[in-house]
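Following this note's numbering, the numbering of the sequence shown begins with 152 at its first residue and continues without gaps.
Be aware that a few hints might be false.
Computed cross-link-like contacts, SDA-like style, restricted to lysine to any residue with a CA-CA straight-line distance of at most 25 Å [what the hints assert, rightly or not]:
1. K256 x P157
2. K446 x G382
3. K237 x G218
4. K355 x N401
5. K321 x K256
Simulated restraints, written as ranges between beta carbons of each label pair [said to hold, decoys possible]:
6. N318 x E258: 39 to 49 Å
7. R327 x G238: 35 to 45 Å
8. R327 x E301: 21 to 31 Å
9. S455 x H167: 37 to 47 Å
10. E365 x G238: 38 to 48 Å
11. E365 x E447: 41 to 51 Å
12. S480 x T189: 39 to 49 Å
No wet-lab data here; the hints were simulated from the structure.
Glycine included, every Cβ here is placed at the ideal spot set by N, Cα and C.
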Amino acid sequence: MPFIVPIFINQQGCTHRCIFCNTRLTNGEASPWPTAETISQTIHTYLGHREKVPEGEIAIYGGNFTGLPMARQEEILRLLWPYMEKGVVSGLRISTRPDEIDEEKIELIHRYKVKTVEIGAQSLDNEILTRAARGHNAEAVVKAVKILKERGFQVVIHLMMGLPGDNREKFLSTVRKTVEIHPHMVRIHPTLVLADTPLAKDFKEGTYQPLSLEEAVCWAAKGVTILRSSGIKVIRLGLQATSSLMEPGNILAGPFHPAFGALVESRIMRDEISYILEEKKVSGARVTIHTSPKKESSVRGEKSENLRFLKERFCLKEIKVMTAKEEKSFTLEILTR
Numbered sequence: 152m153p154f155i156v157p158i159f160i161n162q163q164g165c166t167h168r169c170i171f172c173n174t175r176l177t178n179g180e181a182s183p184w185p186t187a188e189t190i191s192q193t194i195h196t197y198l199g200h201r202e203k204v205p206e207g208e209i210a211i212y213g214g215n216f217t218g219l220p221m222a223r224q225e226e227i228l229r230l231l232w233p234y235m236e237k238g239v240v241s242g243l244r245i246s247t248r249p250d251e252i253d254e255e256k257i258e259l260i261h262r263y264k265v266k267t268v269e270i271g272a273q274s275l276d277n278e279i280l281t282r283a284a285r286g287h288n289a290e291a292v293v294k295a296v297k298i299l300k301e302r303g304f305q306v307v308i309h310l311m312m313g314l315p316g317d318n319r320e321k322f323l324s325t326v327r328k329t330v331e332i333h334p335h336m337v338r339i340h341p342t343l344v345l346a347d348t349p350l351a352k353d354f355k356e357g358t359y360q361p362l363s364l365e366e367a368v369c370w371a372a373k374g375v376t377i378l379r380s381s382g383i384k385v386i387r388l389g390l391q392a393t394s395s396l397m398e399p400g401n402i403l404a405g406p407f408h409p410a411f412g413a414l415v416e417s418r419i420m421r422d423e424i425s426y427i428l429e430e431k432k433v434s435g436a437r438v439t440i441h442t443s444p445k446k447e448s449s450v451r452g453e454k455s456e457n458l459r460f461l462k463e464r465f466c467l468k469e470i471k472v473m474t475a476k477e478e479k480s481f482t483l484e485i486l487t488r
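Produce the complete structure using the sequences and hints provided.
Have a look at this one:
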């Protein structure tokens with residue numbers, strides 16, 4: 152993930168009201184339309200004392216960029232263009248809907264050095280998309296990814312777990328379909344019941360039940376494993392804990408955890424270690440897990456939960472972790488006597 156300087160156009164350009172969406176909570180309060188002055192202030196704040204971040208990107212977040220009138224799109228792109236010319240960052244990043252991509256819009260963003268396009272797909276199951284009031288079908292996602300990749304853009308897909316009508320099999324089917332269209336990167340987060348949304352009404356009426364945290368972690372761990380094994384980067388797990396989102400009463404229900412990504416990485420590690428121990432039939436053994444300092448927390452799990460789980464499941468006499476800088480992931484030392 153490159154260094155990102157975010158410019159927000161909160162709640163602008165989107166003509167649909169999805170049942171789960173409250174952008175005021177997920178992105179923060181609505182921002183005024185960016186001006187040359189506010190853009191300059193934001194860029195200098197994020198860059199600090201650095202004049203350039205050659206690998207960085209300026210990201211236009213918080214709305215549906217290509218859903219804006221063309222003149223409005225070009226207005227903000229013109230304001231950002233001087234930073235491209237000076238090489239302050241390497242390019243721009245925008246977020247949009249799959250049904251707001253066409254040749255005219257692609258030509259505009261290509262001309263202004265947009266490098267990465269993030270697409271809110273949410274699911275590749277048409278029934279789920281309909282129930283979520285997305286206003287587009289799965290084919291729109293497939294088409295958008297195809298045309299953007301053909302024009303040389305980096306493509307990011309946003310996926311959600313636990314929307315109405317979703318289950319583990321459907322989510323993993325969406326993941327496998329995502330592998331088929333092969334975006335460069337994916338973001339995944341579980342559905343939360345946010346205040347002042349149609350989903351909140353369904354939840355209060357008892358017609359919608361969100362995932363538990365355990366379910367969300369389990370689904371995500373399997374999904375991430377499939378994506379990574381296919382060469383697709385997962386750049387975010389879970390929603391960012393904005394100040395607005397964290398205010399009491401704004402999350403009504405759902406598997407929110409401020410370190411959701413860490414929980415998922417830990418579960419992936421636990422599953423990988425479990426698979427090896429299962430294959431080796433190590434009941435009653437002493438096991439030492441050798442790993443890198445960076446991976447140690449994922450190996451141990453939250454409050455060493457992974458170690459307790461593995462010890463109990465495989466009836467281990469002892470399980471411990473040792474770190475070494477040269478370890479890239481982990482290796483197991485197993486003593487059966």
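Now for the hints, and whether the structure bears them out:
The straight-line distance between the Cα atoms of K256 and P157 is roughly 21 Å, inside the 25 Å bound, and the hint therefore holds. As the CA atoms of K446 and G382 are separated by approximately 20 Å, the hinted pair is consistent with the 25 Å bound. As the CA atoms of K237 and G218 are separated by approximately 28 Å, the hinted pair breaks the 25 Å bound. For the hint linking K355 to N401, the alpha-carbon distance of about 14 Å falls within 25 Å, and the restraint holds.
Straight-line distance between C-alpha atoms of K321 and K256 comes to about 32 Å, which puts the hinted pair past the 25 Å bound. At about 40 Å, the CB distance of N318 to E258 agrees with the hint of 39 to 49 Å. Distance hint check: the CB atoms of R327 and G238 are about 40 Å apart, consistent with the given range 35 to 45 Å. Restraint check, R327 to E301: a C-beta distance of roughly 22 Å satisfies the suggested window 21 to 31 Å.
The hinted range of 37 to 47 Å is satisfied by S455 and H167, whose Cβ atoms lie roughly 45 Å apart. For the pair E365 and G238, the beta carbons lie near 47 Å from each other, so the given range of 38 to 48 Å is met. Under the hint 41 to 51 Å, the C-beta atoms of E365 and E447, about 23 Å apart, miss the expected range. At about 44 Å, the CB distance of S480 to T189 agrees with the hint of 39 to 49 Å.
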